[in-house]
Amino acid sequence: DSGVTQTPKHLITATGQRVTLRCSPRSGDLSVYWYQQSLDQGLQFLIQYYNGEERAKGNILERFSAQQFPDLHSELNLSSLELGDSALYFCASSWGATGTGTGANVLTFGAGSRLTVL
Amino acid sequence: AQKITQTQPGMFVQEKEAVTLDCTYDTSDPSYGLFWYKQPSSGEMIFLIYQGSYDQQNATEGRYSLNFQKARKSANLVISASQLGDSAMYFCAMRNANDYKLSFGAGTTVTVRA
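Read top to bottom, the protein sequences are chains U and D.
Counted the way our numbering counts, the first sequence spans residues 63 to 180.
Counted the way our numbering counts, the second sequence spans residues 22 to 135.
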């Protein structure tokens, strides 16, 4: 158990629908990252939050949004789902926000949420 | 922009032998960190080893070692005494010191044969 909790583990839904993926970071970690892993795109960085504030944005579609709450858990909202959104969505957490420090900002990943859009 | 290249899509290794997974990277930042992660078939991403750009010695963690050649911008992972449980996808990743995001290579699949 990595200490990063993601729910749900599996999700099957239809095109056009909306889903919410939830992540609880490891105790003491302030940063939460969302990644999308698909067969054709590999591991793509979506977005990062640090202590409730958005810090970096990657290849996140406008149909996707995220937030980090005061208790540091995070949610990734995916709307108007398309077949191509089917992927494994990872949440990761780290203590710091940037890459400074020796090993201080190792990302710890959750087990992922596998989304299938039919 | 950071770029991480893993040129070996798949490798086979005999049990108890060593295997080297290649990783090259491109950055203009002098301060950065290099990471290797393992993703078994169950899907989770497991952190293996970290190397800082200013670290003088190659990082080691048990059977994992990182062969860091800074001038060549290479950070190869060496797995010694391979075990069946090492069969997985391995990802090289990098982050510049002041960057927020960790960027990943395409990964290398390792299959350990008995």
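Because the hints were derived from the structure by calculation, they are not lab data.
Yeah, the Cβ is synthetic: ideal placement off N, Cα and C, and Gly gets one too.
Any given hint could turn out to be false.
What the hints assert, rightly or not - Calculated Cβ distances over 10 Å to all of chain D for the following chain U residues:
hint, residue
1, Ile74
2, Ala76
3, Gly78
4, Asp91
5, Ser127
6, Asp133
7, Glu137
8, Asn139
9, Ser141
10, Ser148
11, Thr160
12, Thr170
13, Phe171
Stated by the list, open to error - Per the computed footprint, the stretches of chain U lying under chain D, defined by three or more beta-carbons under 8 Å from a beta-carbon of chain D, are:
hint, stretch
14, 98 to 112
15, 149 to 159
16, 173 to 179
Which earlier hints can't be squared with this structure?
The structure breaks hints 11, 12 and 13; every other hint is satisfied.
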